[in-house]
Each structure stands twice: as structure tokens, then as C-alpha cells.
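Participant: Sequence:
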Amino acid sequence: MTNDPLKAAWQTANIPAHDDLQAVVRARGGHPVMSRIRRQLLLEGGCYILFLLVYYDFFDGHRRPLYLNIILVLSVACMLMQHLNGYLLASSALKGPDIFRSLQQKVLQLKQYAWLSVGSRVLGWCGIMVFFCTGITWTNAKYGLLAGAIIIMGVQMAMLWQLWQRRINRIKNTLAELNG
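To convert a position in the sequence shown, counted from 1, into my numbering, add 559.
Watch out, some of these pointers could steer you wrong.
Said to hold, decoys possible - So the derived label-pair ranges between C-beta atoms look like this:
id, residue 1, residue 2, range
1, Trp-697, Ile-658, 54 to 64 Å
2, Leu-682, Leu-625, 14 to 24 Å
3, Gln-599, Gln-668, 15 to 25 Å
4, Met-712, Asp-563, 54 to 64 Å
5, Met-716, Pro-564, 47 to 57 Å
6, Lys-566, Leu-643, 40 to 50 Å
7, Leu-648, Val-681, 15 to 25 Å
8, Cys-606, Ser-661, 19 to 29 Å
9, Ala-567, Gln-724, 41 to 51 Å
10, Gln-599, Asn-732, 22 to 32 Å
11, Ala-567, Ile-608, 51 to 61 Å
12, Val-592, Ala-568, 26 to 36 Å
As the list claims (entries may be wrong) - Subject to a maximum C-alpha distance of 30 Å in a straight line, what follows is the list of computed BS3-like cross-link-like pairs (lysine-lysine):
id, residue 1, residue 2
13, Lys-566, Lys-670
14, Lys-670, Lys-731
15, Lys-654, Lys-701
Since the hints were made in silico from the structure, they are not lab data. These numbers were taken from a predicted model, which means no experiment stands behind them. Ideal Cβ placement from N, Cα and C applies to all residues, glycine included.
The task is simple: from the sequences and hints, build the whole structure.
Facilitator: As C-alpha cells, this is what we get:
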């Protein structure tokens with residue numbers, strides 16, 4: 560017996576099983592963060608697919624060489640697969656004998672995904688730029704626009720990388736707190 564009523568209440572509390580908690584979350588429509596990720600995936604995926612359906616006519620894909628069409632389709636598919644992979648990573652349950660090892664595994668997965676996320680966006684946007692920039696008669700103004708677009712994409716990729724590093728560092732800090 561303990562003299563601390565809070566500790567005694569905690570020890571006698573009826574804690575639902577993990578499977579019961581997952582059933583409750585599923586019955587309520589899922590976790591709100593997962594709902595936002597799913598909504599973003601559907602919106603962006605729908606836009607990518609719509610783009611692939613209309614680019615051939617709208618952006619003269621039929622007048623461009625086959626290799627440029629393949630580059631464009633692969634670039635957009637690369638970014639779409641990156642989004643799907645992110646959703647699957649976010650929805651995967653923690654695996655491990657305890658929370659500490661589970662978070663260690665999640666940190667490794669997030670590091671790999673951060674590289675994949677930034678890399679696939681860079682490759683995707685490079686492929687899209689190659690498709691649209693091929694066959695242009697270049698002037699100084701167009702070079703300036705291209706340089707501006709490259710700078711904007713570079714800043715976006717740097718911000719995306721920093722975002723992933725902050726997420727990973729938050730989990731690392733939690734691991735450090737759990738460890739000691």
C-alpha cells in the first residue's frame with residue numbers, strides 16, 4: 560500500500576488495451592493529423608494526375624520529343640510517390656519492444672524520408688523545368704526568370720530540409736529526455 564492517493568489511483572486505474580484505443584481512433588475517423596495528411600495527399604495527388612492528363616494537349620506534349628515526355632511523367636510520378644510514401648510512413652505504427660527503441664527506429668525512418676522527400680522534389684522540379692525550358696529561345700529576361708525560379712526552389716528546398724531537421728531533433732530531444 561502507498562500513502563500517496565494519486566499513485567494508488569494510478570495503479571488501480573483501468574487502462575484500455577492498445578487495440579481498443581486504435582479501434583476508438585478509427586471509429587472517430589482517424590487522427591486529425593492523419594486526416595490533414597490524407598486530405599493534402601488527395602488534393603496534391605489529384606492535381607498531379609490532372610496535370611498529367613492535360614499536359615499533352617495544353618502544353619504541347621505531342622510536339623515535344625518522347626524523352627521529354629518521359630522525363631515529365633517520371634518527375635511528376637516521383638513527387639506523387641514521395642507524397643504516398645510520406646503518408647504510409649506517418650500512418651505506420653511504432654514497432655519495437657519499448658517506446659525508446661520505437662522512437663529510435665522512427666528517427667532513422669524520418670532521416671531516410673527527409674532525404675527522399677527533398678531529393679524527389681529536387682528531381683521532380685528539375686524534370687519539370689527541363690520539359691518546359693527545352694525549345695525556348697532564350698533572352699536575358701528569360702534567363703533572369705529562370706534564375707529567379709531556381710532561387711525560389713532552392714529556398715523552398717532549404718526550408719523543407721530545415722523543417723525535417725526540426726521534426727527529427729524534437730524526437731531526438733524526447734529520446735534524450737527518456738534516456739536520462
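Participant: Compare the structure with each hint and give your call.
Facilitator: Here is what the structure says about each hint:
At roughly 56 Å, the beta carbons of Trp-697 and Ile-658 sit within the given window of 54 to 64 Å. In this structure the hint that Leu-682 and Leu-625 lie 14 to 24 Å apart at CB holds, the actual value being about 19 Å. The hint said 15 to 25 Å for the Cβ distance between Gln-599 and Gln-668, and at roughly 19 Å that hint holds. Range check, Met-712 to Asp-563: about 58 Å between beta-carbon atoms, so the 54 to 64 Å window is met.
Separated by about 54 Å at the C-beta atoms, Met-716 and Pro-564 satisfy the suggested range of 47 to 57 Å. At roughly 46 Å, the beta carbons of Lys-566 and Leu-643 sit within the given window of 40 to 50 Å. Taking 15 to 25 Å as the suggested C-beta distance range, the pair Leu-648 and Val-681 conforms, at roughly 19 Å. Restraint check, Cys-606 to Ser-661: a C-beta distance of roughly 34 Å breaks the suggested window 19 to 29 Å.
In this structure, Ala-567 and Gln-724 meet the distance hint of 41 to 51 Å, their C-beta atoms being roughly 43 Å apart. The hint said 22 to 32 Å for the Cβ distance between Gln-599 and Asn-732, and at roughly 26 Å that hint holds. At about 58 Å, the CB distance of Ala-567 to Ile-608 agrees with the hint of 51 to 61 Å. At roughly 30 Å, the beta carbons of Val-592 and Ala-568 sit within the given window of 26 to 36 Å.
Between Lys-566 and Lys-670 the alpha-carbon distance is near 38 Å, which puts this suggested pair outside the 30 Å criterion. Restraint check for Lys-670 and Lys-731: satisfied, since their Cα atoms lie roughly 11 Å apart, inside the 30 Å limit. Under the criterion of a C-alpha separation no larger than 30 Å, the hint pairing Lys-654 with Lys-701 is inconsistent with the structure, at around 51 Å.
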